[in-house]
Amino acid sequence: MQNSQMKRSQSIHLLMLGVLNLALSGLPHLHSLSDKPMLYYVEEECRQDTRAEGCPGVGGGGPGETKPPPCEGPSCPEEKAITDGVVRGGFGHSAGHYGGGALG
Amino acid sequence: MIRAVSVPRPNWAACLESAGVTFHSEDGPYWREESCYAFTATEIAELEQATMDLHQMCLTIVDDVIARDRFDLLRIPPACRPTIRASWEQQLPSVYGRFDLRYDGKSPPVLLEYNADTPTTLIEASVAQWYWLEATHPGMDQFNTVHEKLLARWEAIHQAFPGPLHFTGVFDSLEDAQTLTYLMDTAHQAGFDTTPIAIENIGWDLRTRSFVDQWQRPITRLFKLYPWEWLAADPFGPLLLQTFPLVIEPAWKMILNNKGLLAFLWERFPGHPNLLPAFLTPEPFGDTYVKKPLMSREGKNVEIVTSGSTTVSPGPYGREGWVYQAFAPLPDFDGWHPVIGSWVIGNAPAGIGIRETEGLVTDYTERFVPHYFDPRHSE
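Line by line, the protein sequences give chains A and B. Following the working numbering, the residues of the first sequence are numbered contiguously, the last one being 263. Following the working numbering, the residues of the second sequence are numbered contiguously, the last one being 1257.
Where hints are given, some of them may not hold.
What follows is a list of derived Cβ distance ranges for each label pair [as the list claims (entries may be wrong)]:
| id | chain 1 | residue 1 | chain 2 | residue 2 | range |
| --- | --- | --- | --- | --- | --- |
| 1 | A | Thr242 | B | Gly1017 | 56 to 64 Å |
| 2 | A | Thr242 | B | Arg887 | 33 to 41 Å |
| 3 | A | Gly244 | B | Asp950 | 32 to 40 Å |
| 4 | A | His172 | B | Asp1212 | 33 to 41 Å |
| 5 | B | Asn1225 | A | His172 | 43 to 51 Å |
Treat the hints as calculated values from the structure; they're not laboratory data. A virtual CB, placed ideally from N, CA and C, is assigned to each residue, including glycine.
My request is simple: use the sequences and hints to build the entire structure.
See the structure below:
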C-alpha cells in the first residue's frame, strides 16, 4: 500500500450537485410511486378479468419468477398507459413493495 | 483502531449540505462527528489487502456459478440467467461495490456481506468525510480515494462505451436522489452526457421496441440505483432482459449481491482469514448462527440465533431462501458497534466508511462516523 493511493492529490470538484438538485426538483414526474402508476390500474383490471394474456402477474407465481411482458395492442388494457406510443410506469413497482429508497 | 472524541465543526450541517449530504438528519441524527475512528497505517493496509482479496475471490465465484450453472441455489430466476451470462461473457463494466466488514484492529477483517449492486453511503464516504478530515485533522490521512477512482472508472467506461448515459432510481428518496446526483456529477466530469430519469418514468416505445426517456430519446446506457431483482420482477423486467441495453451495475452483480455468495465463498475458500463459515443450511452451526435472507437490504429480516434465543430484524424479505453464517458480533466501542464499509471502485480498493449502531445488526438506525489514520504510525 502506498500513501499516494489513499491521500488525495487534488481537491474535489463537485460541478453539478447544486445545479442538478434544482434540475431534479423540476423533473417531470409523469407517474409517481405514491399516486399509482398507470400499470397499477392495468393490474387491477387483470385481477378482475384475466382473459388478456400477458397481464402483469398472470402466469407468474413461483418465488422470484418474473412476470410476462406487458401486453400490447388495442385489445390489451394497457392501452390506458400509452401516450404517443410509449408505455410508462413499468418500473418502480418493487420499490413500492419493499419500501423504496432503503438500498443499503 | 480506537473510537475517539472529536470536536464537531461549528458549521457541520452546512458543510455536509454543500457536499450533497442533505439527508444528514432526515430520519434522526445520521451523521455524527462528535466522535470518529482512528486507525494506524498498518490497520488501513490490512483493510485494503482484505478488500482486494475479497474482490478477487468474488470474481472467482461469479465465474464458478456461471460455469457450473448454480443459479438455482441462489434462487435467481431463470429469465435472468441468459442476461447474467451474457453480461459476464462480455465483461460489462462495474463501477462500484461495498464490502461490509467486521473489524476491531485485533483480528483480521471478515466479510459480513457484500452490497455489490446498489451500495449507498457513497457521498458520506467520499467527499463528506474528506472535507471533515481537512477541517479537523489536517495532519492526518484517510483511507479514501473514492472520488478519484470514480472519475477514473467513469473515464475508462466512457472510452469503451461513449454516448449518453441515463441515471435512474427512486428520486422520491432523498438519499437515493443525492447519491445518483453525485454519481452523475462524477460521470459528467469523466465526459458522459448524463440525464436523470425517475424509475417510474422510463418508457417503452411500442414502435421501436426500445426504452426511452421522458423526452422520447432512446435509453441505451443506464446506471440504475435500483436492485436488479426488483427490475426483473417489475412489469418491464422481461423487456429489459430481452433488449439488453448496457446497464450499470451489470447483471452479473446479481450473483455477488445475493447473500448465498457467503456460502459459496466459504465452500470455495474454506478457512480463509477474511471469511466467516457460511452454509445454505443451519445444521453445521448447532444453536448459534446468523440467518440472512438471500436477497435483503438494510439489515432487514436478519435473525441472530444464540443458544436457542432469537433476535429478529423486521422486514419484507426472505421468501427466496436463506443463508446461515457464523455469529461474529460486531466489536463494541463505547457501546457502539461499527461496521466497516470498504469500497471497491472498478477493481481496486478505494476507501472506507464507518457506520455504527447500538444494536448488533446494522440497520436504519445506523450513524455514519468519519475516520482518519496517522500515516506516521504503522503499529
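For each hint, the structure was consulted:
1. A:Thr242 to B:Gly1017: 56 to 64 Å: holds (59 Å)
2. A:Thr242 to B:Arg887: 33 to 41 Å: violated (49 Å)
3. A:Gly244 to B:Asp950: 32 to 40 Å: The hinted range 32 to 40 Å holds for Gly244 of chain A and Asp950 of chain B, with Cβ atoms some 39 Å apart.
4. A:His172 to B:Asp1212: 33 to 41 Å: The hinted range 33 to 41 Å holds for His172 of chain A and Asp1212 of chain B, with Cβ atoms some 36 Å apart.
5. B:Asn1225 to A:His172: 43 to 51 Å: Because 24 Å falls outside the window, the suggested range is violated.
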